[in-house]
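A.B. asks: If you're matching them up, the sequences are chains A and B in order. Count the first sequence with the numbering used here and you get residues 1 to 329, in order. Count the second sequence with the numbering used here and you get residues 1001 to 1288, in order.
Hint data in this document are derived by calculation from the structure and do not stem from the laboratory. Fair warning: there could be bad hints in the mix.
Derived list of chain B stretches under chain A, where covered just means 3 residues or more per stretch with a C-beta under 8 angstroms from a C-beta of chain A [claimed, not checked]:
| # | segment |
| --- | --- |
| 1 | 1111 to 1122 |
| 2 | 1202 to 1210 |
| 3 | 1231 to 1238 |
No farther apart than 20 angstroms at their CA atoms in a straight line, the calculated lysine to aspartate or glutamate pairs in the EDC-like style are these [claimed, not checked]:
| # | chain 1 | residue 1 | chain 2 | residue 2 |
| --- | --- | --- | --- | --- |
| 4 | A | LYS182 | B | GLU1228 |
| 5 | A | LYS9 | A | GLU257 |
| 6 | A | LYS36 | A | GLU273 |
| 7 | A | LYS292 | A | GLU273 |
| 8 | A | LYS326 | B | GLU1187 |
| 9 | A | LYS60 | A | ASP22 |
| 10 | A | LYS326 | B | GLU1079 |
| 11 | A | LYS6 | A | ASP22 |
| 12 | A | LYS326 | A | ASP173 |
| 13 | A | LYS198 | A | GLU11 |
| 14 | A | LYS326 | B | GLU1184 |
| 15 | A | LYS182 | B | ASP1105 |
| 16 | B | LYS1051 | A | GLU58 |
| 17 | A | LYS138 | B | ASP1150 |
| 18 | A | LYS6 | A | ASP32 |
| 19 | A | LYS180 | B | ASP1150 |
| 20 | A | LYS36 | A | ASP245 |
Small disclaimer: the values here were computed from a predicted structure and weren't measured. Using N, Cα and C, we set each Cβ at its ideal position, and we do this for glycine too.
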Amino acid sequence: MSALVKAAKSEGTLNVIALPNDWANYGTIIKDFTAKYGIKVNSIAPSDSSAQEVTQIEQKKGTSLAADVLDVGGSVATASTSLFAPYKVATWASIPAGLKDPSGLYFGDYGGYMSVGYNSAKFGTITSLSQLLGSKFKSAVALNGNPTEANAALNGVMMANLAEGGTASSIADGVNFFHKLKAAGNYVPVQATPATIKAGTTPVVFNWDYLNTAAVVGQSASTWKVYIPSNATLGGFYFQAINKDAPHPAAARLWEEFLFSQAAVGGQNLWLEGGARPSEQAAMTSNGSINKTAAAALPPVMGTPIFLTQAQATAAATYLAANWAKAIS
Amino acid sequence: MTAAASTKTGARPARAGRRPPVAWVGTVPFLAYTGVFLLLPTGIVIWNAFKGNTGGWTFANITGLNTGLVRSAFVGSLELCVISSVVGAILGAILAYAVASGDPDGLIRRLYIAASGVLAQFGGVTLAFAFLAAIGPTSGILFHASWFYDFPWGIAVIYCYFQIPLMTLVFLPAIDGLRIQWREAAENLGGSTWQYWRHVGAPLLAPAFLGATLLLFANALSAFATIEAWEDQISYVVPQSISTSLISEVGLANVHEGDALAAGMIVMVVIVMSGYFLLQRRAARWQR
């Protein structure tokens, strides 16, 4: 470890990509990493998608501008393994087997559950998704992006699908739910961001719970509530991967060690403080290293969590490509 | 775009005999610039449109364009461009005429031109957000416009915000070129206002008007940020489809399909340009 720190420090810089400051506490994580190791973090294109991360490391290959590390969704991670260098962090054993590639090409970092964030002062308490079809929610309900492009939006439709009685293998009922939402005049076709929430354009938002917290969307914690349906508890994880042609290979590996560190100021607890669920949460709960206050502040999860398999996610994307635009136009 | 310039040159007799042989050197920077930043990228896009994702050549990207979604994106682009360019051109031309008939050195005219210069460039996310805040269905301060998200009219209104000032700017010189003496001559010959416009004004302005409308059309065709911020959940126009093919993280990204879509846009521009040249030749017949 000390040799890695030394090598990383002599590289002096780390290129990260597609990490918005208000996403899963990344702003603090980057600051703490720099404070601890004195390595400058160069944050490239914070709002890029997972697919653009891969394009970036292909296009900037061999230059000092290429991203060293990636934080990507499952579809992109499994499709791009030829670009990754295998690496196993010190806490490798604490990552659940289902969340990592056995050879270490990619490994789950943090995740959360699909949720509905809303202003309870305006809409009362939401206890089921079908409530959203009511007239109280006129021009109110929005997704985080276009489901044929963004993972979070695809999972938003999938959550509605599960709540409507559909299965993870077919997203048709979810698309139909949004069709009804559109017909009722309740659907807002704008990508929800903290800015649109502040402006009142998107007061009810489907998004990962860690992006839907009052702190992230800039709303008062006393009125902004996050609802995770007990009949549609849909989880999703992101994955870390190291660019095999990383311009700063040691810094990249040190960054992974920091992200998967179970220390009080380590990536796992920092993600937790940002409302995301770190992949080593179960192990950290049993060994006592978890930040208990932050863990207790997570929105309650009642149902049995469902995680999409790669085949289910691909089937959903294929169905959306053909039917989404028709359903909501 | 050289539409405005090309309307003025007409058919001037070439002075081939007296032209010094090195005169073409002056065009080298222009040709080099357009070669590197227009022709080369166009060639690369078309070249890549025939490449497969695993290497080798294929027609799959081109035949892949023949789906309902892609067709509707091209139809959407065409609708939006025609509506916003025609409405923008007509209203912009009327405004340009109003400005031109005022005091040529007056404060109003100078203010108007300065404001048009700024507003013609005011597009993108800020513009979409401004409209959303002003007349959005839930957040509108002025009123809550329920038609706001209807394609193409909702977005066409937003596009007109920069199309009209742009039209005013590019069309004003043409109106300034109308000499007062021509009008007086028409009146002296007993012509009515209608006859003046029908036989003198309109034919004189037609080439410039068509050229400016084409400019607005191309302006609307390539606009992306504004419509993406207005509504990003459906790919209404081709630039949005290209975006999906580049950034989709749910497994629908296909870079070469994006190249094929871009090649389709180039074909669209070529068709519109050809139509424009035919019309232009007819409209400018009197110049020869």
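A.B. asks: Hint by hint, work out which the structure violates, then give me just those numbers in ascending order.
C.D. replies: Of the numbered hints given earlier, those the structure breaks are 1, 2, 8, 9, 11, 13, 14, 15 and 20, listed in rising order.
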